[in-house]
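Each chain is listed here by its residues.
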Amino acid sequence: MYTGETATMVPTIHQIDRVIHETQDTFTLELHHSVGERGAVFRPGQFNMIYAFGAGEAAISISGSPHEPDRLTHTVRAVGTVTKALATLKAGDEIGVRGPFGKGWPMDAARGHDIVIVAGGIGLAPLRPLIYEIIRDRGQFGNVALLYGARSPEDILYEQEMREWRSRLDLEVIVTVDRASAGWHGCVGMVTKLIPKTPFNPYRAIAYVCGPEIMMSYSIRELKKQGLSEDSIFLSMERNMKCAIGHCGHCQFGPHFVCKDGPVFRYKKIQKIMDIREL
Amino acid sequence: MMNGDSMIKRLLESHTFADQLIPAHIDTLVGLAEPQSYEVGDYLTRTGKPANHCYLICCGQVTIELYEPGRGPRAVETLSPADSILGCSWLVKPYTWCFDSRAIEPTQTLALDTKALRSACETDHEFGYQVLMKFVTVYAERLRTSRIQLTDMYSAKE
Amino acid sequence: MSIYRLEHEDLSHLLELLAQGGRRLVGPTARDGTIVLDDVQSVNELPVGLRDQHSQGGYRLEASEDGSVFAFNVGPVSLKRFLFPPERVLFRTRRVQGHLEAEAPERNDGPIAVIGVRACDLAAMAIQDRVFIGDAYRDEGYAARREQLFIVAVNCASAGHNCFCTSMGTGPEVTENYDLLLTEVMEKADHYFLVQAGTTEGAAITTSLGAPAATTEEMASGRAVVEGARASVEKKLDTKGIKSVLYQCAESNHWEEVAKRCLSCGNCTMVCPTCFCSTVVDTTDLAGEFAERSQVWDSCFTAEYSQMHGGAVRETTGARYRQWMTHKLAGWHDQFGSSGCVGCGRCITWCPTGIDITEEVKGLRVLTETTV
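Protein chains in written order, with our numbering: chain A, 1 to 279; chain B, 1001 to 1158; chain C, 2001 to 2372.
Take the hints with a grain of salt, since some may be wrong.
[Said to hold, decoys possible] Here are the simulated lysine-lysine pairs, BS3-like style, with alpha carbons at most 25 Å apart:
1. C:Lys2243 - A:Lys268
2. A:Lys225 - A:Lys260
3. B:Lys1009 - B:Lys1049
4. C:Lys2362 - A:Lys269
5. B:Lys1134 - A:Lys197
6. A:Lys272 - C:Lys2240
7. C:Lys2362 - C:Lys2243
8. A:Lys269 - A:Lys103
9. B:Lys1009 - A:Lys197
Simulated from the structure, these hints should not be mistaken for lab results.
With the hints as extra help, turn the sequences into a complete structure.
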């Protein structure tokens, strides 16, 4: 390993194996990952800094399975300079990767409990490794529900996989959209509305929430209404990040560094500051 | 009590709408309620038609639709038993529906006679207060989520 | 550790010894009307006979007329610049036969001696040590520079108008983190330095200096210098329960009041010896064969700092000032176990509108007291 001036700031070059077109502005990059390279193991909920040649880096959550060590998967939404540069890449092209960084979804405490996963939009991506993990160890959990809110039926991520998950008898999967189009036969309305429909024991359930901040606030409000404690709710935050190692200061959220203290936080830890504007 | 009424009472008591209502108020509601079944595609309400009933959804799923010429019916929200009730147009003049609603799953409801419900609320203000609070609670939540949807929070912000 | 008496005329000898072994010499020097830290070769480049006058939003140099070398307090450049450089290349990427290669450039800043470092800046260094090398992720460049740094500290002889080190428990007396410590004594016609070593490297220098041990009287004079400095600190910041004061005031209107005066220029963050924020700059050549990523100092007062897709988290100046001050005085305790402020007063001096952090704390205290 390089031990120069800024070893943790230097990306490792990875080749793109496959680009999967997910929605109009979202795509998944599957990278070839040699076992033994830096960052070969990750925990669900962690992220990498992805470098597009000359354009810069963006913090992108890892959206693949933690049990496929030779593949590194990121689902990216083209909304900024770097992610738009990433959107132009194809199989065979190369990008830089630093990571994995941050605290992931705590899983061990969830074993033996009911699980409620509430995802909104691209927020499904950092939750997917967790879903893989739960499915793999399915017997160790109680009821498991995945509630997913998308903007429209065309914006639903991982459609094929969602169908497979819905067909499983041991997963309760409900998808809702804000704007239905013709031919949509599923739910319409905010994802929070799905929470009361979901069977879980509030005293023995763990909730994992990821999506836009407004969506997370209102989902948490509904989860609490159903009896979940602040201790049992985990959410993943997003802030501007430049270094991912707690040195650049950008991702501060109150006293927390989202990059190293998060991105996954126990709700109880940040509930007091979540509603403070411009924090 | 007649056989049909005891069935209605059982349905009502197991519905979230009845949570914390006193038995007398439940009995009043039982007198106004009628069980109804809908096949997929059946309409519960039609835009512009009199709102003679409102519905407690017991099972199934209903979509609230807005019909736009040239674009057809568009679903703006779907409701299931967890959403408790369907319809508030009966509460305010001119007591006509603003949306179409249609079963998208085999659906069972308790339909409440809204003319009788209005007059029961008028006669017994305590009953009226309890019933209106049920509606306000549900509709405040629905307004809240609609407002959040208005922000289009999943869209890419440029 | 023994204390020696170094004659005023022999300061150049000390500089020669420090420069041995290829050490780069950095010290205070007057430039463009300020005293900055920069390369110095000889004593006459030091700010002999100059002192600095600080006010809220004001700074000027004037003659001290007594020939003192270290009569000034703090300039806009702190020790920070020599450990955490304002700009550095993080890595370079190039295409080689169709493949990308990324590597960090070799960099060796070499040994360096910094002369004239005050207690506040040493405290600031200890704080940045916790940020850059005290956690799971180490900044190896910082660590290497820190390793090769030789510190010649100086006890302040008097406080500047904006100094409040006594409130922050950081000065004016230098007590740790130095290789050599100087106390400048001026009594009538007698002008000398008391020298003491804080490390074996420092002790090697004092041995080579061959200066005589200080007498009891001279040591007493040195104590008097430090006590005089302590007594001359005018400004105070009440740190009692400071964290909860700041957290309680998160949604106060006070920040909008500050925002009327704050220009969001970021000067306070640039002169602050503990501010550690940085951003990155990417450049490429025209052919797209080569790209470079650099790290540069950043400020929480810029709009880009909190940029997410769609906009900045902190749009208003009030929110940015709150972030800076709350981080400095409250969040820092949670993050690194100490205050992020050392009481050097630079942010007050170099604020174009003279915003005074100690006054802002007083203002917030009044608010929390009236709301209780």
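>> Output the indices of the hints that this structure fails to meet, ascending.
In response: 2, 3 and 4
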